[in-house]
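Student: The chain contents come next:
Protein chains: 2
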Amino acid sequence: MTVKNAFYAQSGGVTSVINTSACGVIETARKNRQHIGTVFAGYNGIIGALQEDLIDTDQESDDSIAALRYTPSGAFGSCRYKLKSLEENKREYERLIAVFEAHNIGYFFYNGGGDSADTCLKISQLSETMGYPIQAIHVPKTVDNDLPITDNCPGFGSVAKYVAVSTREASFDVASMAKTSTKIFIVEVMGRHAGWIAAAGGLASDSQTELPIAILFPEITFDRNAFCRRIDTLVKEYGYASVVVSEGVRDAEGKFLSDQGLTDAFGHAQLGGVAPVIASMVKQDLGHKYHWAVADYLQRAARHIASRTDVEQAYAVGKAAVEMALQGENAVMPAIIRKSNNPYQWVIEKASLDQVANVEKMMPRDFISEDGFGITEQCRQYLEPLIQGEDYPPYQNGLPTYIRLNNVMVEKKLEPFDI
Amino acid sequence: MTVKNAFYAQSGGVTSVINTSACGVIETARKNRQHIGTVFAGYNGIIGALQEDLIDTDQESDDSIAALRYTPSGAFGSCRYKLKSLEENKREYERLIAVFEAHNIGYFFYNGGGDSADTCLKISQLSETMGYPIQAIHVPKTVDNDLPITDNCPGFGSVAKYVAVSTREASFDVASMAKTSTKIFIVEVMGRHAGWIAAAGGLASDSQTELPIAILFPEITFDRNAFCRRIDTLVKEYGYASVVVSEGVRDAEGKFLSDQGLTDAFGHAQLGGVAPVIASMVKQDLGHKYHWAVADYLQRAARHIASRTDVEQAYAVGKAAVEMALQGENAVMPAIIRKSNNPYQWVIEKASLDQVANVEKMMPRDFISEDGFGITEQCRQYLEPLIQGEDYPPYQNGLPTYIRLNNVMVEKKLEPFDI
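Protein chains in written order, with the working numbering: chain A, 2 to 420; chain B, 2 to 420.
Wrong hints could be hidden among the right ones.
Unchecked claim - Chain A stretches covered by chain B per the calculated footprint, using a threshold of three residues with CB under 8 Å from any CB of chain B:
no., region
1, 130-144
2, 292-300
Said to hold, decoys possible - Dumping the calculated PhoX-like pairs for lysine-lysine here, alpha-carbon to alpha-carbon at most 25 Å:
no., chain 1, residue 1, chain 2, residue 2
3, A, Lys180, B, Lys83
4, B, Lys414, A, Lys180
5, A, Lys290, B, Lys256
6, B, Lys180, A, Lys85
If you are wondering where the hints come from, they were derived from the structure by calculation, not from laboratory data. Quick reminder that beta carbons are idealized off the backbone N, C-alpha and C, glycines included.
Kindly produce the complete structure, drawing on both the sequences and the hints.
Tutor: Here you go:
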């Protein structure tokens, strides 16, 4: 086995643990110097490969790489950029091969979601289609939790924990205020296509700490009357209610609820979220005082409240990706396979990329309660293990000491390339 | 000294550490059984006193009371209810005296902000004006940090820490995405009258971790052109920018920016925050892709990321309130007095309530940078000690185990009272 260098890149929306996977990749590669030379990281994802903007991770100390384990965001920059097919844009593939060849790259690690799995699959076929020897391994990541085969996706567990903890805390708050003030609290969470993140709000309420929570899933067509009836029932029973609403909730015509065609006093279009829309309905139909929040990036960047399970899995898939490469694998993804719920046990197994790319895993209907506003016991058993454990970053002066790498660029050997 | 019972109530918006002060009051009273009998807590604040809805805290175990230290929200319920003056509503004062007399209450502890200090002052004057012997002590609490004399207010430090940590995390996130996607992240925080909370966003950037952050303070009249110029400069230098905007920002006519007279496609009024308004401006004037968040209750309920300094001070003012009562004080408030910045040292001293009630402490202009978009070194030195240290709650199954008390009601002795 000759020594080849590796390329690693981050793709799509970042998470609080995508750098943990980078840490797993780089630390494992460093332990296998006899097979893997340098890990080059793509500056801003795959764009870095196309433009020969390669970061030399050997210029970072072991301590700096170790600090990636607890640093949210994408340390090398990420991008939203989907490679076209070989037929549509052969020029890009030729460029990638030129860059790989120039830097003796034989391993390609791509850390992302569904689109990235597709890109990774295309790269893996370069050996076959264009005769360039490369092994491409996809490292799963997405807060949306929508990759198939893997039981769950690194990044999701920490968002789920953030949403569950925040919903519990805010519910305690509104319960205190309900007598004379706010009775309804609404929090908008991510998940345009699938309700996995919204479902995590349901964990805030459990047998020891029961809370009146209604969830609005993108999988369930929004019915204003049914929703307001549900809230009315909760307020009559508990005196207050919390609502966790997915950004992707749609009405009967399939239109996003957030897309209300809002205009300001001057007629200018304004961009709102779905939370204020729900708040206005509660006010109009039930007359209750409300507060609303939109978590947005705060939820996926919240490394301070990461799930330890998620951190461990994010590291494990990074490590396994390198091990699979060393075993000669190509076009695979390390998948998390659940062995049991209680105690929670999981292992990493390899999944074939052609079964992963372009397949979206939706929430099963039986994870959502019959009335459409809650999670079932089955959903709870799936979700609960994923938020187990805490994994606090180190703090200095009251703030987490997240690392910023030096990101030393490798000297270019090729002509510039326009994308 | 005869044994008298005590009354304790929570007032106004709750915080992640107001229960910590309750814990300080009740634990200290329990250690002084020879002087203080039972602590009765007002169910939903002062309304509980008026309606004789008294919670018998003796029915709670020492462990349950200890758990209040790490439980956010108001464990006994809070309310927004301001007593009128004696001249305007003598009936309410007579009722309070009747309730106090019926339950042998000689100590009144009121945990709140500016309005509550005013109420507490009025109660303290009952001895003088109506001949009922009572000692009223105000326990400071407000995320707004606007009480005078005390160096800072319990509740504020934890919100400040939440805002600083979240702004740092989200800034790392947007930095990763800026190449091909989001360039501007906007987070809306509380503080309708004063910019203390928004200022805490400035702490996210420090000498070790420099971040491009612009702050919009309620103290500074919003100037769209100046703001967009500032953002443009930051994006040109760093490639991205984060904006921390106070809900209370106003335009040159004194109108809240959030109050845009929004209407939906059907002409119905919609209630928006200020974050989406700022986002729309950034889009219109600079063309950048943005994301926005509204923290709302999440920030003041976020006990999971509380400041240890804040927790210690919240407990200390509760404890000191009881000690002052035992020393025979009336119409006072335990105030936090800063002795030095580095090392941070503070003591509790008593402040006279007539100097506290109805006085609002604003941010000094020299805490805001000359251009109006940042904090000065002086502000940083004031804020930094307040977010020092972490104080994590215990977790079970991935979630914090916040306590809910039994809240056993005392048997009523009087006729009902309408408020």
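Student: Each hint needs a verdict: does it hold in this structure or not?
Tutor: Quick rundown of the hints versus the structure:
1. Only when three residues or more bring their CB closer than 8 Å to a CB of chain B does the claim for the region 130-144 of chain A stand; here the count is 0, and the claim is violated.
2. Restraint check on the region 292-300 of chain A versus chain B: 8 residues with Cβ-Cβ distances below 8 Å, three needed, restraint holds.
3. Between Lys180 of chain A and Lys83 of chain B, the direct Cα distance comes to roughly 14 Å. Compliance with the 25 Å bound is thereby established for this hinted pair.
4. Distance hint between Lys414 of chain B and Lys180 of chain A is fulfilled; the C-alpha atoms sit about 23 Å from each other, no more than 25 Å.
5. Note on Lys290 of chain A and Lys256 of chain B: the hinted pairing holds, with a Cα-Cα distance of about 22 Å set against a maximum of 25 Å.
6. A threshold of 25 Å between alpha carbons decides the hint, and for Lys180 of chain B with Lys85 of chain A the separation of about 19 Å falls inside it, so the pair holds.
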